[in-house]
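Colleague: In the order they appear, the protein sequences are chains A and B.
If you read the first sequence in this note's numbering, its first letter stands for residue 1, the second for the next number, and so on.
If you read the second sequence in this note's numbering, its first letter stands for residue 1, the second for the next number, and so on.
Since the hints were derived computationally from the structure, they do not count as laboratory data.
This structure is a prediction, so every number in the text was calculated from the model and none was measured.
Please note that the accuracy of each hint is not assured.
Output of the computed footprint for chain B on chain A, the stretches with three or more beta carbons under 8 Å from beta carbons of chain B [claimed, not checked]:
hint	segment
1	13-19
2	87-93
3	128-135
4	149-159
Here a beta-carbon is modelled for each residue, glycine too, at the ideal position from N, C-alpha and C.
These are the residues of each chain, in order.
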Amino acid sequence: MAITAKAFKYGDDINTDYIISGKYKFKSNDMAAMSVHAMEELDPRYYEKVSPQGGFLVAGSNFGMGSSREQAPLVLIGSNTKAVLAKSFARIFYRNAINTGLPVVECDTDLIDDGDDLELDLEGGVLKNLTQGTEIPFAPLPPVMAQLLADGGLVEHFKKHGGFAVS
Amino acid sequence: MPYTVHLPRTFSARGGMLCEPDRERVSVIPGKTIAEKIFSAHSGTDAYAGDIVVANVDFVMGQDGTTPLAIRALENMGVDRVFDPAKVAVVMDHSSPSPIEGVSALHTMMREFGKKTGAKVYDVGCGVCHQLIPEAGHVVPGDLMVGCDSHTCTYGAVNVFSTGVGSTDGAAAMASGKLWFKVPDTMKVTYSGEMQPGVFSKDLILALAGEIGVDGATYMALEFHGPVIDALSVDARMTISNMAIEVGAKAGLMRADATTLAWYEGRGSRTPQPVDPDADAVYAEEITLDASALGPQIAKPHAVGNVSPVEEVAGTPIAQGFIGTCTNGRLEDLKIAADILRGRKVHPDVRLIVAPASKQIFLDAMEAGYIRDLVEAGAILVAPGCGPCVGTHNGVPSDGENVISTANRNFKGRMGNSNAFIYLGSPATVAASVIEGAITDPRKYFTGQGA
Numbered sequence: 001m002a003i004t005a006k007a008f009k010y011g012d013d014i015n016t017d018y019i020i021s022g023k024y025k026f027k028s029n030d031m032a033a034m035s036v037h038a039m040e041e042l043d044p045r046y047y048e049k050v051s052p053q054g055g056f057l058v059a060g061s062n063f064g065m066g067s068s069r070e071q072a073p074l075v076l077i078g079s080n081t082k083a084v085l086a087k088s089f090a091r092i093f094y095r096n097a098i099n100t101g102l103p104v105v106e107c108d109t110d111l112i113d114d115g116d117d118l119e120l121d122l123e124g125g126v127l128k129n130l131t132q133g134t135e136i137p138f139a140p141l142p143p144v145m146a147q148l149l150a151d152g153g154l155v156e157h158f159k160k161h162g163g164f165a166v167s
Numbered sequence: 001m002p003y004t005v006h007l008p009r010t011f012s013a014r015g016g017m018l019c020e021p022d023r024e025r026v027s028v029i030p031g032k033t034i035a036e037k038i039f040s041a042h043s044g045t046d047a048y049a050g051d052i053v054v055a056n057v058d059f060v061m062g063q064d065g066t067t068p069l070a071i072r073a074l075e076n077m078g079v080d081r082v083f084d085p086a087k088v089a090v091v092m093d094h095s096s097p098s099p100i101e102g103v104s105a106l107h108t109m110m111r112e113f114g115k116k117t118g119a120k121v122y123d124v125g126c127g128v129c130h131q132l133i134p135e136a137g138h139v140v141p142g143d144l145m146v147g148c149d150s151h152t153c154t155y156g157a158v159n160v161f162s163t164g165v166g167s168t169d170g171a172a173a174m175a176s177g178k179l180w181f182k183v184p185d186t187m188k189v190t191y192s193g194e195m196q197p198g199v200f201s202k203d204l205i206l207a208l209a210g211e212i213g214v215d216g217a218t219y220m221a222l223e224f225h226g227p228v229i230d231a232l233s234v235d236a237r238m239t240i241s242n243m244a245i246e247v248g249a250k251a252g253l254m255r256a257d258a259t260t261l262a263w264y265e266g267r268g269s270r271t272p273q274p275v276d277p278d279a280d281a282v283y284a285e286e287i288t289l290d291a292s293a294l295g296p297q298i299a300k301p302h303a304v305g306n307v308s309p310v311e312e313v314a315g316t317p318i319a320q321g322f323i324g325t326c327t328n329g330r331l332e333d334l335k336i337a338a339d340i341l342r343g344r345k346v347h348p349d350v351r352l353i354v355a356p357a358s359k360q361i362f363l364d365a366m367e368a369g370y371i372r373d374l375v376e377a378g379a380i381l382v383a384p385g386c387g388p389c390v391g392t393h394n395g396v397p398s399d400g401e402n403v404i405s406t407a408n409r410n411f412k413g414r415m416g417n418s419n420a421f422i423y424l425g426s427p428a429t430v431a432a433s434v435i436e437g438a439i440t441d442p443r444k445y446f447t448g449q450g451a
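Looking at chain A on its own, in the form it has when it is part of the complex (with noise of 0.2 Å):
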């Protein structure tokens, strides 16, 4: 299924005190408050401007470095980001991502501007640029990801197979 929504793009080293402050993270476990919160270190519109018409959030390289706060994944989820593309991904952000059910996705955004329209059909493998009129490849899940993400997330894989089921 494709999703197409607009581009909000910043810049590299994006880090997860950035896309949620630890002085919000730490005091409850409600992700729907917090999620109002999302990315405000660089952007304090950042939910006012997706969260009604959802969007993807376009980033350099090494997004979602720093601490391994889940609430990361989950406010910009919480913030209708309908995917994350970036040129590289910090590890345990990546992996948090996958778990939690928030696309990520790896390819040259250079070639995307803020405010472009994009449409990503992951299952597919295409990225389109709607504005500029091009094709944007990018590298498919690793398959133990895929496979995770096929079950619907990491706990949803656990309550299928009873365990850890992947090759």
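With chain A fixed as given, assemble chain B onto it according to the hints.
Modeller: Just chain B now, kept in the frame of chain A:
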């Protein structure tokens, strides 16, 4: 870009005239890094970098910022126990004691989880998870463990493959005692030469971050070697491994030597199983840094890789100093600071906050007189734990203020105020700076001393 090394496991020498049939196979087995050996032993496979393995973990840890989500994930999995209560611990350290009702409720949730499952609970005031787990002997050399905190890489200093994971991965490991891993490539980091007086292990790791950048080792394990590492105490080694994540690494491994094994005497009941890399281990990258040429280093706002020699920022005014954290809140760190501050005063325009990394360190530092030295100099002691590092309480800086800290991160807003500026340095640099009220080269307190 680092390349993936994937060598054939065995080569067959076919048609050898002299060989008996069972000697025909000549094994040419490539050597293994520490990471490859630990993953092989824990997965029952012949694991090399790039392989995906499901491995048994020896211990699983969570803290108060991450455990509540792990508890929720376990509930969603329909799991109401942990795989082995002796191998799971939860620690209240990030907002501890609780500054607000929401956190109090999460702490209650963690205590109830401990009662229900038998998992070990380290309640408020016990200290920082990354001090408590090795201090109690929960992990020993040769182990594989995961923690729901990115600085779990700290125990690489005692030859444990330890790495940070999110709450759902942590929950899966708590439930099953297993987790899937991609066996990482390894970057070998060698510190040559000899450290100069006034230079500490914090300066070594900051120099590496400055050299390779904050994504210089993404997806890789680091292996630290060389005479400089061999000469360090376990406290000082932990500072280095703690910051492996700041260059994107999955682990920051060191060998277990006589220093490590001596440190383990009397800690817990488990026997260390040291893992050395093979002499012919294959490294994706190798880097050597000359410690002899290195002075004190500072990471400037707002990135850990934004590193300069202290001389370049000396004189920058500061409003707050902080000594503590999983990076530099250990006994040796408090001693270094106390030795400088003894008989001197913190500048009247500066607040110095000190948080020992654990209750045991607090007691040991009291016994040694360091706490008195620090408090008489003007320090404010806060409960063992993460202190103001994560911006939850205990010293949120004001708008426009500069802070010099022994922590591992200086991201904008990290200490709770986006309009403050955080500089990172060694305990000696922080101690020297709070006296002057400005960033100061600590080497003036070490003249005439040998390294």
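Colleague: All hints, please: hold or fail.
Modeller: Hints and how they fare:
Check result for the segment 13-19 of chain A against chain B: holds, 4 residues qualifying (beta carbon to beta carbon below 8 Å, three or more required). With 4 residues carrying a beta carbon less than 8 Å from a beta carbon of chain B, the segment 87-93 of chain A meets the three-residue requirement, and the given coverage holds. With 0 residues having a Cβ less than 8 Å from any Cβ of chain B, the segment 128-135 of chain A misses the three-residue criterion, and the hint is violated. Here's how the segment 149-159 of chain A fares: 5 of its residues keep a CB closer than 8 Å to some CB of chain B, so the rule of at least three is met and the hint holds.
Figure legend: structure checked against the earlier numbered hints; the only hint not met is number 3.
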